[in-house]
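Chains U and D supply the protein sequences, listed in that same order.
Heads up: the first sequence at position 303 corresponds to 303 in the working numbering, and the numbers run straight through without jumps.
Heads up: the second sequence at position 98 corresponds to 509 in the working numbering, and the numbers run straight through without jumps.
Hint data in this document are derived by calculation from the structure and do not stem from the laboratory.
Note that the structure is a prediction, hence the values are computed from the model and not measured.
Hints are not guaranteed to be accurate.
In silico DMTMM-like links for lysine to aspartate or glutamate, alpha-carbon gap of 20 Å or less [what the hints assert, rightly or not]:
| no. | chain 1 | residue 1 | chain 2 | residue 2 |
| --- | --- | --- | --- | --- |
| 1 | D | K496 | U | E352 |
| 2 | D | K506 | U | E328 |
| 3 | D | K512 | D | E438 |
| 4 | D | K503 | U | D34 |
| 5 | U | K130 | U | D216 |
| 6 | D | K496 | U | E136 |
Calculated from the model, a selection of chain D residues having no Cβ within reach of chain U, i.e. all distances over 10 Å [as the list claims (entries may be wrong)]:
| no. | residue |
| --- | --- |
| 7 | M412 |
| 8 | A414 |
| 9 | Q418 |
| 10 | Q445 |
| 11 | T447 |
| 12 | I455 |
| 13 | S467 |
| 14 | L469 |
| 15 | E477 |
| 16 | H494 |
Residues on chain U that point at chain D, a partial pick, calculated with CB under 7 Å [claimed, not checked]:
| no. | residue |
| --- | --- |
| 17 | G294 |
| 18 | P318 |
| 19 | P353 |
Every residue, glycine too, gets a C-beta built ideally from N, C-alpha and C.
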Amino acid sequence: MRRDREGFDEAQSHRFSDNLGFELKNSRILIVDDTLTVRAVIAGYLRNYGYVNLREACDGAEGLDIAHEWAPDLIITDLMMPRIDGFELCHRLHSSPETANVPILVQTALNKSEERSAVFSAGAADLISKPIDPQELLGRVRTHLEKRRLIARLSDFQRRMENELALARTMQESILPEDDELAAISARYGVTLASHYEASIGLGGDLWGLSPIDDDRLAVFSADFSGHGVGAALNTFRLHSFIVGGAVKAGSPAEWLSQLNVFFYDLLPAGQFATVFCAFIDFARNTFDYASAGAPPPLLNSPDTAGSFQSLDSAGYPIGLLSGARYENATCAFPPGSTLFLYSDALIETPEPPNAVFTTHSLCEFLQSMSAGATPQEQKEKVLNHLRKTGMEKPEDDLTIVILKSRSAAP
Amino acid sequence: MNAQTSQTGQTHHIKLSGRLVFSDHAEFRHLLNQITAAKVESCIIDLSELQSIDSSGLGMFMVALETGKENGWSLTLRSPQGHVKALIELGKFDKLLNVEK
Chain U
1 MRRDREGFDE AQSHRFSDNL GFELKNSRIL IVDDTLTVRA VIAGYLRNYG YVNLREACDG
61 AEGLDIAHEW APDLIITDLM MPRIDGFELC HRLHSSPETA NVPILVQTAL NKSEERSAVF
121 SAGAADLISK PIDPQELLGR VRTHLEKRRL IARLSDFQRR MENELALART MQESILPEDD
181 ELAAISARYG VTLASHYEAS IGLGGDLWGL SPIDDDRLAV FSADFSGHGV GAALNTFRLH
241 SFIVGGAVKA GSPAEWLSQL NVFFYDLLPA GQFATVFCAF IDFARNTFDY ASAGAPPPLL
301 NSPDTAGSFQ SLDSAGYPIG LLSGARYENA TCAFPPGSTL FLYSDALIET PEPPNAVFTT
361 HSLCEFLQSM SAGATPQEQK EKVLNHLRKT GMEKPEDDLT IVILKSRSAA P
Chain D
412 MNAQTSQTGQ THHIKLSGRL VFSDHAEFRH LLNQITAAKV ESCIIDLSEL QSIDSSGLGM
472 FMVALETGKE NGWSLTLRSP QGHVKALIEL GKFDKLLNVE K
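All chains should be built: construct the whole structure from the sequences, respecting the hints.
The structure is reproduced here in structure tokens:
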């Protein structure tokens with residue numbers, strides 16, 4: 001059998017080449033050694049195995065230059081070299097952002113464990129013992145190239161997902177009421193509004209909205225889909241489509257919830273649902289009707305509640321769980337100067353109960369403790385500041401707060 | 412979520428403690444498979460030591476109910492306390508599921 005000078009027979013060399021995929025075969029490998037014959041031997045082994053993209057440097061200084069200019073995928077270096085030695089080369093490659101992640105294989109005849117650990121401390125990814133054994137060399141080179149390729153793929157994938165999520169987040173924010181829409185509603189109905197929306201993991205399952213019914217009446221709703229992340233976020237888009245699709249011609253909040261339930265009962269798989277609160281505020285009659293599908297109890301402050309915040313009964317079947325679920329309307333007085341405070345469960349479940357900062361009851365007291373003249377904006381900020389004092393960077397669930405205050409009666 | 416399981420006769424018992432949330436989904440599904448595999452007639456989930464639950468956790472009970480119906484076992488939730496009890500009542504889950512005090 002004919003053997004080439006590197007000791008591989010031709011058939012074996014071909015088989016190796018076939019094993020190297022296109023990406024691996026074209027990996028850029030830099031060989032740094034001050035001995036020409038060692039470089040030639042290493043290059044020969046690699047070329048025989050199928051690697052086609054090889055460059056050589058005669059010492060650390062040249063190696064450093066090539067590393068910066070050529071961006072190799074892997075560097076094989078000797079330790080003892082003039083000008084810049086292998087240790088220094090590792091240090092410099094590691095301290096430069098462009099080359100910090102390139103795996104470096106160090107050829108060494110060092111056998112003492114402290115010497116070998118010094119090589120790793122300098123930033124080497126692996127060692128190749130001298131004299132060089134071709135199987136060891138090829139095995140280690142391949143392992144590190146494959147690892148690098150996998151990391152690159154994962155990073156690419158992660159970047160792509162981050163971009164996708166950023167786009168989805170922008171889309172989701174766009175289905176929340178916009179500032180000009182809120183300003184127009186404030187002016188039309190004489191209300192002051194404040195709101196906060198914060199998704200727990202990029203995308204959220206909360207949605208709230210306002211929808212004019214006629215010159216005297218305004219509908220407000222707040223919904224929270226179970227779960228969070230992409231699935232819950234997609235459900236908010238379904239809800240948004242349901243609302244803007246003109247499907248809402250309900251005569252009352254309870255009727256609207258029933259319609260929503262019919263729509264979502266067929267769509268949502270077992271175990272998924274939404275809690276929803278909806279009120280139709282009538283500014284001519286100074287009342288609102290509301291219905292709830294298991295939403296956290298909204299808070300109401302009106303001259304009728306003697307100026308204190310009180311929670312509303314909001315028990316009800318969540319949307320999407322029970323075929324033909326029926327909802328009840330309730331009516332509350334909402335004279336000028338009244339405030340309706342809606343929130344998602346994250347506000348009373350951060351951190352998780354029983355250690356939560358707020359309960360519905362303590363939230364009432366907290367709002368009560370503020371001056372009577374506090375605006376919705378001020379109320380919102382104080383509540384959020386208090387929540388964050390606990391050190392929670394971000395609630396574990398999506399957080400929505402909507403505060404709506406009707407204009408005080410002219411003195 | 413922590414779950415202690417035992418079996419007496421035709422009944423599978425699960426005692427949950429800690430919190431039951433979004434991230435427990437896979438583990439809870441695994442529990443449901445265990446119940447089905449045990450070929451029992453009923454399952455009682457003891458909630459007396461469950462501290463808190465989120466909407467996904469409540470959803471898991473609905474999944475358990477469906478799984479039981481499909482596989483021939485009945486589901487009972489027992490002794491919810493505090494926050495868990497309040498949420499079960501808020502969403503009228505006590506009307507959708509068999510909840511004992």
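Evaluated hints:
no., hint, result
1, K496/D to E352/U, "15 Å, holds"
2, K506/D to E328/U, "16 Å, holds"
3, K512/D to E438/D, "25 Å, violated"
4, K503/D to D34/U, "79 Å, violated"
5, K130/U to D216/U, "88 Å, violated"
6, K496/D to E136/U, "63 Å, violated"
7, M412, "12 Å, holds"
8, A414, "17 Å, holds"
9, Q418, "25 Å, holds"
10, Q445, "18 Å, holds"
11, T447, "15 Å, holds"
12, I455, "20 Å, holds"
13, S467, "5 Å, violated"
14, L469, "7 Å, violated"
15, E477, "4 Å, violated"
16, H494, "4 Å, violated"
17, G294, "3 Å, holds"
18, P318, "5 Å, holds"
19, P353, "4 Å, holds"
Going down the numbered hints, you'll see the structure goes against 3, 4, 5, 6, 13, 14, 15 and 16, while the others check out.
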